[in-house]
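Just need the whole structure built from these sequences, with the hints factored in.
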Amino acid sequence: MNHLLADAVNVFFTALYIMLFVRIILSWFPMRNSRFMDLLFAFTEPVLAPVRKLVQRSPLGGPGMVLDFSPLIVFLLLRLANGIIVPFLRGL
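All the letters of the sequence shown, read from the start, carry residue numbers 67 to 158 under our numbering.
Just so you know, the hints here were simulated from the structure itself, not pulled from any lab data. Since the structure is predicted, the reported quantities are computational estimates derived from the model, not experimental observations. Among these hints, one or two may not hold up.
[What the hints assert, rightly or not] Between beta-carbon pairs, the in silico distance windows are:
{"hint": "1", "residue 1": "Gly157", "residue 2": "Asp134", "range": "30 to 40 angstroms"}
{"hint": "2", "residue 1": "Ile90", "residue 2": "Gly149", "range": "17 to 27 angstroms"}
{"hint": "3", "residue 1": "Leu70", "residue 2": "Val132", "range": "36 to 46 angstroms"}
{"hint": "4", "residue 1": "Lys119", "residue 2": "Ile151", "range": "18 to 28 angstroms"}
{"hint": "5", "residue 1": "Arg145", "residue 2": "Glu111", "range": "13 to 23 angstroms"}
{"hint": "6", "residue 1": "Leu158", "residue 2": "Ser93", "range": "35 to 45 angstroms"}
{"hint": "7", "residue 1": "Met97", "residue 2": "Gly157", "range": "39 to 49 angstroms"}
{"hint": "8", "residue 1": "His69", "residue 2": "Val132", "range": "39 to 49 angstroms"}
{"hint": "9", "residue 1": "Phe95", "residue 2": "Leu70", "range": "33 to 43 angstroms"}
{"hint": "10", "residue 1": "His69", "residue 2": "Leu142", "range": "20 to 30 angstroms"}
{"hint": "11", "residue 1": "Val132", "residue 2": "Arg156", "range": "34 to 44 angstroms"}
All C-beta atoms in this analysis are idealised placements derived from N, C-alpha and C, irrespective of residue type, glycine included.
Below you can see the structure in the form of structure tokens.
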């Protein structure tokens with residue numbers, strides 16, 4: 067049972083990685099009025115918004131921020147969380 071939960075958590079993190087990656091790639095193209103982008107934003111913005119706020123307050127950010135580093139930070143945090151949660155669930 068614990069392996070099933072660990073696999074489900076791993077699939078969740080993988081799906082979130084893919085959605086973030088697709089959002090980053092599609093952000094280079096003007097497709098703002100599509101249902102797909104709306105759905106993608108609905109899934110990824112709750113993860114990106116808090117990190118973006120923290121980055122804007124840090125020395126990396128600010129009002130004149132040219133690059134948005136929040137997806138990179140979210141990728142690293144998700145990888146860290148996945149690396150901690152999944153092995154913990156498998157060990158139970």
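So, going through the hints one by one against the coordinates:
Between Gly157 and Asp134, the C-beta spacing of about 36 angstroms keeps the proposed range 30 to 40 angstroms intact. Taking 17 to 27 angstroms as the suggested C-beta distance range, the pair Ile90 and Gly149 conforms, at roughly 21 angstroms. Leu70 and Val132 have their C-beta atoms about 44 angstroms apart, which keeps the hinted 36 to 46 angstroms range intact. For the hinted restraint 18 to 28 angstroms between Lys119 and Ile151, the CB-CB distance of approximately 24 angstroms keeps it satisfied.
About 20 angstroms separates the C-beta atoms of Arg145 and Glu111, a value consistent with the hinted range of 13 to 23 angstroms. Remark: the range hint 35 to 45 angstroms for Leu158 to Ser93 is upheld by a beta-carbon distance near 39 angstroms. A hinted range of 39 to 49 angstroms holds for the C-beta pair Met97 and Gly157, which are about 43 angstroms apart. His69 and Val132 have their C-beta atoms about 44 angstroms apart, which keeps the hinted 39 to 49 angstroms range intact.
Distance hint check for Phe95 and Leu70: the Cβ-Cβ separation is about 38 angstroms, which falls inside the suggested range of 33 to 43 angstroms. Under the hint 20 to 30 angstroms, the C-beta atoms of His69 and Leu142, about 26 angstroms apart, fit the expected range. In this structure, Val132 and Arg156 meet the distance hint of 34 to 44 angstroms, their C-beta atoms being roughly 41 angstroms apart.
Violated hints for the displayed structure: none, as all numbered hints are satisfied.
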